[in-house]
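Engineer: Sequence:
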Amino acid sequence: MAGIAATVTNNENGIAGMSYNSAAIMNIKVLGDSGGGTLSNVAEGIIYATNQGAHVINLSLGSQTSNETLRSAINYAYNNGVLLVGAAGNNGADTPHFPAAFEQVLAVAAVNQSNEIAPFSNYGPWVEVAAPGNEILSTFPQQTGEPMTGYRVASGTSQAAPFISGLAGLIKATNPVLTNGQIRSIIQRSAIRTISGGTIRFGRIDAMRAIQLTRDAISQRQIHNFPPVWLNTKNAN
Numbered sequence: 001m002a003g004i005a006a007t008v009t010n011n012e013n014g015i016a017g018m019s020y021n022s023a024a025i026m027n028i029k030v031l032g033d034s035g036g037g038t039l040s041n042v043a044e045g046i047i048y049a050t051n052q053g054a055h056v057i058n059l060s061l062g063s064q065t066s067n068e069t070l071r072s073a074i075n076y077a078y079n080n081g082v083l084l085v086g087a088a089g090n091n092g093a094d095t096p097h098f099p100a101a102f103e104q105v106l107a108v109a110a111v112n113q114s115n116e117i118a119p120f121s122n123y124g125p126w127v128e129v130a131a132p133g134n135e136i137l138s139t140f141p142q143q144t145g146e147p148m149t150g151y152r153v154a155s156g157t158s159q160a161a162p163f164i165s166g167l168a169g170l171i172k173a174t175n176p177v178l179t180n181g182q183i184r185s186i187i188q189r190s191a192i193r194t195i196s197g198g199t200i201r202f203g204r205i206d207a208m209r210a211i212q213l214t215r216d217a218i219s220q221r222q223i224h225n226f227p228p229v230w231l232n233t234k235n236a237n
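According to full-length UniProt numbering, the sequence shown is numbered sequentially starting from 1.
Since the hints were derived computationally from the structure, they do not count as laboratory data.
Derived DEER-like restraints, expressed as beta-carbon distance ranges:
1) Thr95 to Gly35: 18 to 26 angstroms
2) Thr199 to Gly14: 33 to 41 angstroms
3) Pro176 to Ala93: 32 to 40 angstroms
4) Ala93 to Gly35: 14 to 22 angstroms
5) Pro176 to Gly36: 30 to 38 angstroms
6) Tyr151 to Asp94: 32 to 40 angstroms
7) Glu135 to Glu103: 28 to 36 angstroms
8) Tyr151 to Val177: 32 to 40 angstroms
9) Asp33 to Asp206: 33 to 41 angstroms
10) Ala154 to Glu116: 14 to 22 angstroms
11) Thr179 to Asn13: 33 to 41 angstroms
12) Gly92 to Tyr151: 23 to 31 angstroms
Beta carbons are placed, not taken as given, at the ideal position from N, Cα and C, and that holds for glycine.
Given these sequences and hints, build the entire structure.
Structural biologist: Structure follows, in structure tokens:
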């Protein structure tokens, strides 16, 4: 996930990160080596990242259940200016997936190479945008018995979410005074709405359009706090 969002770009090595050398990674481990964990651990990680000054928190994880501990951590981060990006889940259904389904989190679906919602990706009116998530090459730690390549191809909404997080970092670098709400609005308004295969509220991200919107707003001195349009999911869990 870190490689997709922010690996070093234009060094003639490996892959290019979405944030184009504008972001620093803060790695916080909230899950075990097998990928399992607790909502409390996730909440603690969110609070820690917020207190350490994170501008964007990528949440390539989730559960179909939630609790007040996680909700409180999400509220704390958002109220302290953090943009939260969450993977919509891999059930291939309109099934809320937390923390992505919280109204303060930008929920991300996965699209394939044909600009269709990937068969495994969750979707629905609670999902705001989509990004590439099918057969994505990224950095990956070597596993026992594997050749030492440092890369792996994987699919999932967990791969789609860091494209959004990297784009958010690029927008923030273009104009550091933007709030989390303003960055979220730029990502929403710049999305391409031509996606087939499932309901997505705003469409697939378009990085060029997003940066152009950011630059236009700077040149025209029209940086406003565009409120995101939220779906009330408080009773979904």
